[in-house]
Each structure stands twice: as C-alpha cells, then as structure tokens.
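Generate coordinates for the entire structure from the input sequences, incorporating the hints supplied.
For reference, the chains in residue letters:
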Amino acid sequence: MKRSAPPRFILRFLKWFCKPEYHTDIEGDLLEFYERRRADAGRTSANVQLFRDVLFLFRPGIIQSPAIHQPLMNNGMIKSYFIMGWRNLWKGKLYSSLNVLGLTFGMVCFLLIGLYVHDELTFDQQHLDANRIYRVITHERNPNNGASTVAAAGYMLAEESTHAVPEVEMTTRMQRAGRANLVDPENPVNVQETVTIADERFLQMFDFPLIEGDRRTALKEPNSIVITEDLAMRIFNRADVLNKNLQFSHMQTPLKITGILKDHPHNSSFNFTSVMSESTQYNEGWFKEQTENDWSSTSFTVYALLKPDAHAPSVAGKMTKLVYANEELEPGWELSLSLQPLKDVHLRSEGIADGARNSNVESIPQGNPLYIMIFSFVGIFVLLIAGINYTNLTTARASSRIKEIGVRKTIGAVRGNLIRQFLVESLITTAISFVAAVIIVSLLLPPFNDFVNKQFSLFTAASLSFWGIAIALIVAIGILSGGYAALLLSRFNPVALLKGLKIGTTSDFSVRKVLVVFQFTVSTVMIIGTIVLLMQVKFLNNTNLGFDKNLMLVIDVNVGKARSNFEWVKAEMAKVPAVEQVSVTSRVPGEWKTFYSVKAKQEGSAGEHQIAYAIGADKDFLSTYDIPMLDGRNFQSENDSSAILVNETAAKMLGITPIAIGVGDQVVDIPVIARNNFFTPLFDDVNASFNPRVIGIVKDFHFQSLRDRIQPLIIAYNNNPIQPIDYYSVKISPHDIPRTLEKLKSIMVKNDEREPFEYHFLEDQLALFYLEDQRNQTILSWVAFASVFIACLGLFGLATYSAEQRLKEIGMRKVLGASVVSLISLLSKDFVKLVFVACCIAFPIAWWGASRWLEEYAYHIEVTWWVFALAGMMATGIALLTVSYQAIRTALVSPVKILKSE
Amino acid sequence: MKRIQLGEFEEVVLLTVGVLHGNAYGVTIKDEIEQRLGRGVTIGALQITLRRLESKGYLKSKLGESTESRRGRPKLLFEITAYGRKALEYTKGSRDELWNALPKLVLKLK
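Chains H and C, in that order, are what the protein sequence lines are.
Residue numbers for the first sequence follow our numbering, beginning at 13 and rising by one.
Residue numbers for the second sequence follow our numbering, beginning at 8 and rising by one.
Some hints could be false.
Below are the SDA-like pairs computed for lysine to any residue, each with C-alpha atoms no more than 25 Å apart in a straight line [as the list claims (entries may be wrong)]: (1) H/Lys31 <-> C/Asn30; (2) H/Lys27 <-> C/Arg59; (3) H/Lys845 <-> H/Phe855; (4) C/Lys69 <-> H/Glu39.
Quick list of the computed label-pair ranges, beta carbon to beta carbon [unchecked claim]: (5) C/Arg46 <-> H/Arg20: 28 to 38 Å; (6) H/Gly54 <-> C/Thr88: 35 to 45 Å; (7) C/Arg46 <-> H/Gly54: 37 to 47 Å.
Output of the computed footprint for chain H on chain C, the stretches with three or more beta carbons under 8 Å from beta carbons of chain H [claimed, not checked]: (8) 25-34; (9) 42-54; (10) 70-84.
Because the hints were derived from the structure by calculation, they are not lab data.
Note that the Cβ used here is the ideal one computed from N, Cα and C, for glycine as well.
Quick look at the structure:
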C-alpha cells in the first residue's frame, strides 16, 4: 500500500511547540488517526482534521516552556565572551587605549560631519507631502538671447493645470515682490522686510507649522498677512498678535494678521518672514491685466503637488502643451517646463535662476553638492581609517595570542566560538568608543553649531533616522574591523600553533601593509586638500579686486526721499569729518543682490546684441572706489545722463576703440534689459532704445565674486533709464566708527523719518562670498588633522609591537656592535617605505580632486609641486616621528636586560 | 489523606484506561470514549488530561510497540496505578454515599 504523508508543515508545527518528551507518541497517535481517516474520508478531509487536532493541541501543558528551549550552554558562552573580551582588552592596555582613542576620534569626526551632511540632505523634507511637491522650472529660448532657466512660471499655468492635467492635485503661487517697511500702525517702527505674496493654497501644500490661525483660511481674504514668530517678536515684542494690524509702508490699507508661523527650521529653503494673501491684489486693475493671459511669464514661483505615482516628466510635458495651447509665442521663441522635486531645490539648482522675485530680494541660499560629496567621503574615510587601525593592531598582536587560540581549540572551541570571541572584543571596543564619541560630540556641539551656523542637536525626534544610520554604520565598522582579525586568527591549525608557537604571517602582513598604505593615502590626500583650500581662500581674500573695499560703508536706499533728495544727503554726509568720499550708485561692486543686465551693441556695427551688466553711478563713483580710468573722461554733470563708461571687457566686446572716445561719437544701442534673466524692452515703446555715448573706459575690476570671470560692465550716469540709484557708498576714516555711523544715521533720518538705516561694510559683505569656503577649510583641516592623528596612532601601535617582537634580535645586534642609528633605521625603514608608497598614490588623486574643485573659480591658484612636496614631507615626517620614538626607545635598551632571561 | 478530587472528564478517562486494560493509548482511549459514551473527544483535551492524571500519579505509562500506520512512532500505553484505583474508589464511594442519602421520594418524582 502506498502511503501518502500528511503535510509536513503541520507536523513541523507540532514539533516546534510540543514538549519534546510528549512529541513522539502524540505524533504517532495523530498519524494513526490520519491513516484511518484518509482511508475513510480521503486525503483532504484527513488533512483538515489533522490540522484541527494539532490546533487543539496548541495549549498550555503541551507547549514547551521557553526556558527549556534555550540550552544553558549558550548563555554561558556569551557571558564568557564578554568576560574574556574584557580581560583581553584590559591585559593589553596600551593597544586597547590606542584602539579606543583612534575609534573615538574617527567617530567624533564622523558624527559631526554626518550631522552636517544629514542636515543638508534633508532640506525641505519637513512637509508631509514633500516627495510629491515639485517646483515648476521654465526653460526659455529666443532667437536673440539664447537660453535661460528660471524657477518660475506664469499665473494661469498655476491656475489651470489643476483642471487640465489630471495628475496635478494642487498648485500654489508665490512671489517675492520686493522689500518694504513693515510697520505696526499703532507703534510705527520701521522694519525692512521682503514682501512675500502667496495664494490661499500655499499653507495647505506646505506644512509650515502654525502656532495660531487656520491654515485653510489664513491667506484667503484680501489684506491678510501671516507672519513668523520671530517677526512678531521684533515688531510687537510678543507672539500672540493674531488679528492685529500691520502695514507695508507703500500700501494704503492695513493688513490683518491671520496666522503666526513657527520660525523656519534651519534646513528649509524658505526664508520668508511674512506672507501676504494674493487676493489682496485681486481688485487692483493692473493685477488683473497682467495675470489674466499670463501663461508664460516668469513672475510667479509655482509649486505643484502631484498625485501619488504621477510621472513628473510627463506631467511637465502636459504643462508645456497647456502653455502652447493657450498662448501664441512670438516667432522664434521656445519654451518648455520641467518639474524639480522639492528635495532637489537646495542642492541641485545649479544653473536654475531663482525667479519670481524683485531684483532687490536676495535669492534663496543654495547648498553645494560638491562639498556634500567631499564631506561624505571624508567622514566615511576617517571612520575607515579608525577601523583599519583596529584590524591592524589586532592581527599584528595575533602571535601573542597564539597560545590562547591553540589551547581553546584543543579544548574544543570550534571556529565559530573563536570568531564570536574576537567579534565581541571588537564590539566592546567600538561600544566604548561610541559612548566616548557621543559625549565628546555633545560637548563640541555648541561651538560647532556657532561655527557652521546651524542648529544641530543630538537628541531630537527629527534626528532618529540619523541615529539609525550612524549606529548601523558603527556596528558595521565594529564587525568589519574585528571580522578580518577573527577570520584570520581562528583559521590556524591548533597543532601547528602549539608546536611552533608562530604563524606563517607573510600573506597577513601584506594585507596589513596595504591597509597602512590606504590610511596614509587618505591622510595625504586630505593634507593636500587642506593646503590647497587654505591657499585658495587666502588668495580670494587677498586678491586685489581692482577697487578699494576697505572702510567702505554701504547704506541702502529704502525710502523714496533718500533717492530723490540724494544731492542734499550727499552734501550733508560730506560735511561729516570722518567721511572721505560719498557716491551714489544703483549697485555696488561685490553686490549681494541681482545685477541688471542689458543687451548692447555699438551703433552701426554688424552683428548681434550682446549681454553686459549695467549699473548707474554718479561722478564720484570712480574716485570713491579708487577705480582708475584708462581712457576718456569721467562723468561731469547732468548733461552726461546719456553718456556711459564701460569697463575693459565691455570695450572689447562692443568694439570701442580708445582713440575715438574723446570725440564721443561711439554710440551704444541698448534696447532691452533683464532684471531676472528675462529680457524685456527698456521703454514702453518696443522699438525705442537707449542710445548713450561712450565717454570713457575704466580698468576692469571684480564687481562679482572671484568664482566668475570679469564680465562686461556698462556704467551709466546716476540719472539713467536702466536703474535708479539704490545705495550710498561712504568711504570713511577708521577712527571712532560708531560716532560716524550715528552721524550718518541722523542725516538719513533727517531726510526722511521713516528711514530704517540699513547699512553694510563692503568688506564683510565680500567676505560672505567665501564664507562657505572658509568654513569648509576649517572643517577640512580639523578632519585632516584627525585622520593623520588616527593613522599615526595605528602606526605607533604597529611600531611598538614590531619593536617588542624584535627585542631579542635587537639585543643580539647590539651585542654584536650595531650602532643606535643603524638600529633605528632598521626599525623605521619598513614603515616609512609604506608611507612613501602612500604618497605616490595620493598625489595624482589629490591633484585631480584639487583641480576639479578649483575649476569652480574663474580666478584661482595653480596647484604647484611644492604643495605635494610639503604634504609628502608632512606625512613622512609625522610617520617617522611616530615610529622612531619607539625605535629609539628600543634601540637604547641595554642588551643585558633583554638577553639575560634566556 | 490528601484530598482526591477527580473532574468528570478525568474520571471518564481514568475508567476507560481501566476498561482497556493493557491496550490503553491515545487512539484506543479516544475510540472507546466516543463509542461507549457517544461524545466527541479532541486529541488535545485527551492528551492534556492523560498527562495531568499521570503527573498526579493516577496513571503510569510505558512505551509500547509501534505499528506500520504509526511510522515507527511508539505507542504510549497507560495503566492505572494503585493510587489511581484508590481515587476511583473514593470517588465512587462518595457518590454512593450521596445516593444513599438521597430520599427515595425524590427519585420517584419524574
């Protein structure tokens, strides 16, 4: 009779839960029933009944108790691992502390860098639907001015794409219309703020936490404004200001505060302090006129919330079609839209201009993905170096544990036991280091926060994922660094171990060599990187910019009267004794807001119009900033309002020839102007253009950051159709600056009492260009220091150990007449050789990396050979010092002491 | 003397083991109870009762032979111990006592 077996899983289940002493006979009974039932009622029914029976057997009394399930043996072994691990660590105090120290250092660097990188990578992720929110980017191309990519789109696109494109769930519009004084009508104190305008869906799409107010209705009504807690504190000195009134100085009606927002977290791209409802403008005639057919302008930042699973590129395609379906573009114009995920806004916006803002609003700060990449690598490498230290020291010390391993194996330890033993040891070390590192990091955090201008804290809910990653990585490092030693040491044959008490370590030693080379390669690359960064930052700060930036006070023009009445203000300022020169301009060199650009060509010349930057300046501009003239003359009087100066680059571009300048017959044709990358006609009459005479050429000066090459610049007179004046530049003398400031302020306030007196020192403002570089330089130099230090700790350990191993040999050599110097070189040679090899590998890598980074700057230092020589010498020197300390100590020991015992 | 208290099902199982003298193991006990008393018995309930009775000392067990249909799994044969028999007797005695004390009239009432 062919017998068919019941389903295996049922019996397995029984076996799993059933007390072992009951199991066999119960199973026998069940099988007997099974056979009978199968014969009676068929297989399926028998299976079902068997299953039912087993389920009924699953009850206390038959289920085995968990205590019996775990053999006592395992607990004992685990405990033993810890005891033995602890004892071993304690026995080799020097090596253990070297390990712990190295790992702690590595982890501190890793955690700090990790916090920074994590923060940069989680930008704008606070919003619930963050991964469904996209920013609409407009790519434009026209027949004349090439292409532009702007993070902005038209009004109607936002309005209609919700209906026309099914994947779009919601859209919202935002505008930064300029800067204005925001005042509490009851207690007028001027606070200069960016005017941000958004529609009612803005607060629904983004989860900016509201302290007070209703996010659905806050921006619905006209004349509503939502402000942040910080702004409320600045204006009212308290935060509970719901339903109070505020007023922008340029507007007639007061605005009602309908919501208080929490301040933005540091990792947010949004930096507005107030949002006015878009509906405030709906009744304005001009608004309607501008928006009702606006499909393709770049006046609004548009965000779209897509439905889950929507395919962003195809949605963008549909949006582009929507624009084409509704608006006839001028011939030769092309336009396409793309959607940028919100999470990419901070780090991946290179080449995308921040649109939909007035030119006097600063663009949102961007992160630099290159630095994030460098930092991630550096952080992981430092941790690796520390891990390698551990591996090296443990494998190097293997021979002193040969007896232990041999005896363990003889007694009956299997390989698994030994591996676990070593892993537990390395995990104990890692755990100790981790605790130490966390303590150190929490102590270092306040100064570090100040330094990188962020607000990290170690223990917040938001950083849970960070902790998860960090702990996983650290456990991985523990296992990896202990793992190699564990595998290697547990492999040996016990008989060979106990007989010869040594292991054939040639292959193992070469792995160790490779690891040391790796450590020093990384360290040398970091040293070179730090030197290059240091030199470049120094270069940036010390380069002659072509104008005088010292003690230059720049005062913003924030009220109308400061602009119209500038002659009087200038004259008053010049009377202050500490003031050397005063000039008014529309933009200043080293400007932090947008430069206007124009298209220009020399009248009568063939060819296209070309792009140049343009500023307006008075006749004192050149002397105040000490910019030399190369040819022609400066502005002299109001008659020069249709005259311009050009810089050398612009002269070259426009084909201005120096000889003809005195004659004043070279006229430039300027038809269009761009405030935000987008060229529009300069005058209402499209065919009209500004046609000034060129009266002089000035020497090139760096009016932008040194990242950019000097661009063509047109300097128009202060009274010009391109841009009105916006700043006073006051050159002052160094003594008693506060008093000078006080006097200047009183002049400005006398001119207009609403004056907020906003000023900057140009030098500080220029330093902001390179602030990030400077910061990174400091971080990198610390990390480089740490990595060299850790690598040296490892080398020190290895050297100490190898010296200990060769004590007898050295004793013999000494007895036979070896000199101390020859002994030292004998002991150091091996290690220094490794460092040499490391340098050879590091140089090309560092050269490649440094050149790539320097390419970001139009003006940069050259990477010269001596940087490499210096770094190589530093690495070798430090390694030599580390090793030779041990070597000298060993070489100086009296041979009697070493040899007497044998 | 320790109090002897048998549950109803315990008593049934104990008696059945006695009935099946020499051939009492899981399968036969279940069959016997189901046949004689006409009630269903789950293996779980039966096994747990057997084990409980054994741990209380009313039953003892030994491994028996195996058959083909059990695939080599031995039978666990149960036998009543002296203490078990005492327990049964005590239970019966106490019931009889109650029976005897019952007024005749009550029984006639139908």
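How the hints compare with the structure:
1. Pair hint H/Lys31 plus C/Asn30 holds up; C-alpha atoms about 24 Å apart against a cutoff of 25 Å.
2. With a CA separation close to 20 Å, the supplied pair H/Lys27 and C/Arg59 stays within the 25 Å bound.
3. Our distance criterion of 25 Å between C-alpha atoms is met by H/Lys845 and H/Phe855, whose separation comes to about 16 Å.
4. A threshold of 25 Å between alpha carbons decides the hint, and for C/Lys69 with H/Glu39 the separation of about 16 Å falls inside it, so the pair holds.
5. Distance hint check for C/Arg46 and H/Arg20: the Cβ-Cβ separation is about 32 Å, which falls inside the suggested range of 28 to 38 Å.
6. A beta carbon spacing of about 41 Å between H/Gly54 and C/Thr88 agrees with the range 35 to 45 Å that was offered as a hint.
7. Taken as a hint, the range 37 to 47 Å is violated for the pair C/Arg46 and H/Gly54, whose Cβ atoms sit roughly 25 Å apart.
8. Evaluation of the coverage hint for the region 25-34 of chain C: fulfilled, as 3 residues show C-beta separations to chain H shorter than 8 Å, against a requirement of three.
9. Counting residues of the region 42-54 of chain C whose beta-carbon sits less than 8 Å from any beta-carbon of chain H gives 5, enough to reach three: the coverage restraint holds.
10. Residue count for the region 70-84 of chain C with a Cβ under 8 Å from a Cβ of chain H: 10. That meets the three needed, and the coverage hint holds.
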